[in-house]
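S.K.: For reference, the chains in residue letters:
There are 2 protein chains.
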Amino acid sequence: MSMQSTSPKSIHTQNIPCIILMQPQMGENIGAAARAMLNFGLTDLRLVAPRDGWPNQAAIDMSSGALDKMPPPRIFDTLEDAIADLHFVFATTARPRDMIKDIYTPRAAALQAQENIHQKQSVGFVFGRERTGLENTDIALCHAIVTAPTNPDFSSLNLGQSVLMIAYEWLMASDTTLGHYTEMGDSFPAANNVMEDFFQRLESELESARFFRTPEVAAKMKRNIRNMLQRPRLTDQEVRTLHGIISALIGNKEKNRL
Amino acid sequence: MSMQSTSPKSIHTQNIPCIILMQPQMGENIGAAARAMLNFGLTDLRLVAPRDGWPNQAAIDMSSGALDKMPPPRIFDTLEDAIADLHFVFATTARPRDMIKDIYTPRAAALQAQENIHQKQSVGFVFGRERTGLENTDIALCHAIVTAPTNPDFSSLNLGQSVLMIAYEWLMASDTTLGHYTEMGDSFPAANNVMEDFFQRLESELESARFFRTPEVAAKMKRNIRNMLQRPRLTDQEVRTLHGIISALIGNKEKNRL
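Chains A and B, in that order, give the protein sequences. Counted from 1, the first sequence has number 249 at position 250 by numbering that gives the first Met the number 0; the numbering is strictly sequential. Counted from 1, the second sequence has number 83 at position 84 by numbering that gives the first Met the number 0; the numbering is strictly sequential.
Please keep in mind that the hints were generated in silico from the structure rather than gathered at the bench. There could be a bad hint or two in this list.
[Said to hold, decoys possible] In silico SDA-like pairs for lysine to any residue, Cα to Cα no more than 20 Å straight-line: (1) B:221 <-> B:191; (2) A:219 <-> A:206; (3) B:100 <-> A:228; (4) B:100 <-> A:188; (5) A:100 <-> B:179; (6) B:68 <-> A:153.
[To be verified] Here are some of the chain A residues that sit facing chain B, going by a computed Cβ distance under 10 Å: (7) 68; (8) 99; (9) 183.
Even glycine gets a Cβ: it sits at the ideal position worked out from N, Cα and C.
Chain A with its partners taken away, still in its complex shape (with noise of 0.2 Å):
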């Protein structure tokens, strides 16, 4: 084991929260769960008297790259060393009976994280052991606790899993990409006289081809055909390419505006 402990004391406030794994157990799970911090640009990774010691080739493995992009984890023989120099830890956990303690979804405990950076604050999320989870004497030192609404038959996540929800949720809490959006690429919707002329043209071709049984239906059908093709906001080319068929079908190249 080449394990060292490592001074919180050079460690300055810093803009993300750092993530702290409890006696972590399999390399694996700290792989993953370097990737899934540096998916979501968390890079302050702290171990906690890691089992197979550090560093550990399992977890270089499972980082895909991540660990050797991002500082090198720092390694604690203590929760207490390793959480000294923040002002507030969430504990990841279910929720204890015989604790007061303020509980946070992962959704609610970013938004809170961000509030504590902007104050300045240092923040941390403890993450315990694979199997038995953090002890009442570990989520005593935190201030919070974090727990994810999950199926109550099948609650148990998987410790990579779980640093992930957490990342992904302070990313998302800092984001400002749009929820929903179109992708146009290069192209843009055809404007609406671009729309108008081809409603008119296919309205005309069909009166011509006797499509409306009465004046009545016409104004019906006529409708219902804007409808649906505004729904899909044609692009100026795929208006084109419904000339191009429409003159096809017809048989009428003559016909055909382009």
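Starting from the known structure of chain A, fit chain B onto it as the hints suggest.
M.R.: What follows is chain B alone, placed relative to chain A:
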């Protein structure tokens, strides 16, 4: 390879989305995906041409029992077959450059999926191969794209982690858990008169001990003490403990009101 195509005809509209893994390679990733699904209440797993066939012992081991508790995954030869019964299919992939597609964050996609399911539509999320992801022909079969905001310098998510993010957001979209609350266990904050009795005793003891230099300082200090000790919302038991501490400190057991 014991691979067997399943007809989707028998599948009824479900009130949860299904997860479709496109040509997954590592059994471990299938197992991690299954565990993440069941953690958040998803149970319909579909595999398109898994590299190592099915069943797969590595998947079963990695699922921590999830694959035993879920209906067996259904195996399909093609993505078309796997999504045949669905009405709205999300492709999880980076933003494509040359397709017009609706793009969702996992969070917005979960809300969209809820809307679809409310309208009795069956919804699926397709996840690509570990190394190469989804091809454009796969994406073209889907109605929309889900892209998670990630660290642009390290954006490649593990397959199981990607599934977790979707499953977690699905549960969160329907979850009513309070984002933040204080777990009080069986206890309850002390009533105001209990606190007031305590503060008056403490102030009187401090007066006796000549703690306050001047009346002006006294008023300010008392305010500060009250502020400080109101913040933790002490319980009756904790107030009794503080009374005991004061008594012990002044060494005057007779005055202990307990």
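S.K.: A separate judgement is required for each hint: does it hold in the structure or not?
M.R.: Here's how the hints hold up against the structure:
1. B:221 <-> B:191: 16 Å, holds
2. A:219 <-> A:206: Given that 20 Å is the threshold and the Cα spacing comes to 14 Å, the pair holds.
3. B:100 <-> A:228: At roughly 16 Å apart (the allowed maximum being 20 Å), residue 228 of chain A and residue 100 of chain B satisfy the hint.
4. B:100 <-> A:188: The hint holds at about 13 Å.
5. A:100 <-> B:179: 11 Å, holds
6. B:68 <-> A:153: 9 Å, holds
7. 68: Since chain B brings a Cβ to about 6 Å from residue 68 of chain A, closer than 10 Å, the hint holds.
8. 99: At 6 Å from the nearest chain B Cβ, residue 99 of chain A passes the 10 Å test, so the hint holds.
9. 183: It holds, given that the least Cβ distance between residue 183 of chain A and chain B is near 6 Å, below 10 Å.
Violated hints are absent here; each numbered hint is respected by the structure.
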